[in-house]
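Student: Read top to bottom, the protein sequences are chains W and Z.
Under the numbering used here, the letters of the first sequence match residues 1 to 162, in that order.
Under the numbering used here, the letters of the second sequence match residues 1001 to 1338, in that order.
Where chain W lies over chain Z, by a calculated footprint (3+ residues, C-beta under 8 Å): (1) 1035-1041; (2) 1053-1059; (3) 1063-1073; (4) 1197-1209.
Distance windows between CB atoms, simulated: (5) Z/T1063 with W/H94: 18 to 28 Å; (6) W/D55 with Z/G1126: 39 to 49 Å; (7) Z/G1194 with W/A144: 45 to 55 Å; (8) Z/D1136 with W/V52: 48 to 58 Å; (9) W/G60 with Z/T1043: 18 to 28 Å; (10) W/S96 with Z/G1206: 25 to 35 Å; (11) W/V93 with Z/A1161: 22 to 32 Å; (12) W/A42 with Z/G1052: 46 to 56 Å; (13) Z/T1043 with W/D55: 12 to 22 Å; (14) W/V93 with Z/G1137: 39 to 49 Å; (15) Z/T1079 with W/D55: 37 to 47 Å; (16) W/P100 with Z/A1201: 34 to 44 Å; (17) W/V52 with Z/G1126: 38 to 48 Å.
Only part of the chain W face toward chain Z is listed, based on derived beta-carbon distances under 7 Å: (18) V34; (19) V57; (20) N162.
Treat the hints as calculated values from the structure; they're not laboratory data.
The structure presented is a predicted model; accordingly, all values stated were derived computationally and were not measured.
A virtual CB, placed ideally from N, CA and C, is assigned to each residue, including glycine.
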Amino acid sequence: MKTLTKTLTVAAFGLLATASYADDDGRLEIRTVVQKEAKIEADDGTSRVELVAADAVVPGEEVIYTVTYTNVSAEPTDNIVISNPIPAQLTYVHGSAFGPGTTISFSVDGGQTYGSPETLVVVENGLERAATSADFTNIRWEVANVLTAGQRGFARFRARLN
Amino acid sequence: MPITCFLRRFRAASALAVLALPLFGPASANAAGTLAGTDISNTAVVTFDVAGTTLTRDSNTVTLTVAETLDVAVVVQSTQQSVDSGAVGQELLFTVTNTGNGSESFLLNFDNDFVADPGVDFNPVGQTPAIYFDTDGSGDFSAGDVAYNAGVNDPVLAADASVGILIVNDIPAGLVNGNIGRSALLATANTGSGAGGTAFAGQGTGGVDAVVGASGGTQTATGEYIVSEVTLNANKSASIADPFGGSQPVPGATITYTIAIDVASAGTAVGAVVRDAIPANTTYVANSLSLNGAALSDAADGDAGELDTATVPTVVVRLGDVTQASGTQTIQFDVVIL
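All chains should be modelled from the sequences, with the hints used to inform the complete structure.
Tutor: Okay, here's the thing in structure tokens:
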């Protein structure tokens, strides 16, 4: 009898959550953009680097993916985890993953498992070796704190077109 | 949030990653990079907890399209060509490689005017036409090679593809040994060239943007001719030993041929080869071939000579690079009169 009650409670919570998710079109809004750096030359001879839309990207060029997440509900949101596959034609730029207030981990197996870079190993020609950033297939950002209503955060990484 | 706990689990799980890697390794890429026109999509996923339930949402999908890089490599394949003064139809072999990442056609030009450069003594004279495709892949100018006609049959190369190109020049008369002449091949991407990074919107393969790469979309390679006229003297003599102890050319008599070769001028006879057909009505005496007194086997093997029996039996001896300093090279072989 006790077990049954518990199951019912969980189910009720599940329904509630789904309902509220649908009502305010999601508690968390997530957007991703891809950009690249462009050197803008000014008339006075100075130049500055700006992020521009990655329209024409050629092999060897770096692009920057930025994932922005915003709590668009009135309630705090907990345990936010962002994960992003690194497209196969791109190579992660060493040390470029960034996200204020997040713990960043990487995967070398398509996102099945994650770990910090020094713990990851791959097998090449039957020999185990430490993974390099070129081996990373996915990146994951775990947001440490609760995201309160209206608060936003971002996660970012660079990758080079092969 | 129990981050420490999560990390420990990840570490333990890394052994699994080992087995799974081959499935998720980076996509194989060619030397020129990801092909122009490739769409690369990315969607981030976020999971979060609402009232104890974990929800998953996908972000919007962003797609970038790989632009075409305009890049070309021209490489001279011929080593310094030894030519005679006044020689006609002397070719240099080049390769043109599309080092960009999309299909591209290239305009070809040649330039022979280097006489103002230090160490250059003459300008070769390009034939009309002077640029040919090495159609038969021989590396030499030969009958099947198709002439290049600018704007008409510009080579269209896929990413990473190459084509062999010949420049065919005549060498002016009146030059002396050691004179140097140069001839250059220039290949330029037809879509555009210029400073690296120059963009041509919508003009790349399949309508993507084209961007000039590190080569500037154009490259030149220069080949070289050196005049090395060599006078080779060959003197052939015969001595006869008949079966009766005399020197009459009767059936059964053995003729010993001696070919003496020497360089009578400055310069180097590069890769000199002597071929001498066995006369009719005689047969070659097996294993009688020698060079400078050292026997050469009849088989085509590692040594400098053999009996070539493909058509008319012919003695072949490769002398290599011969100069005046090499001294007289003496080839001997025997035949028997039938």
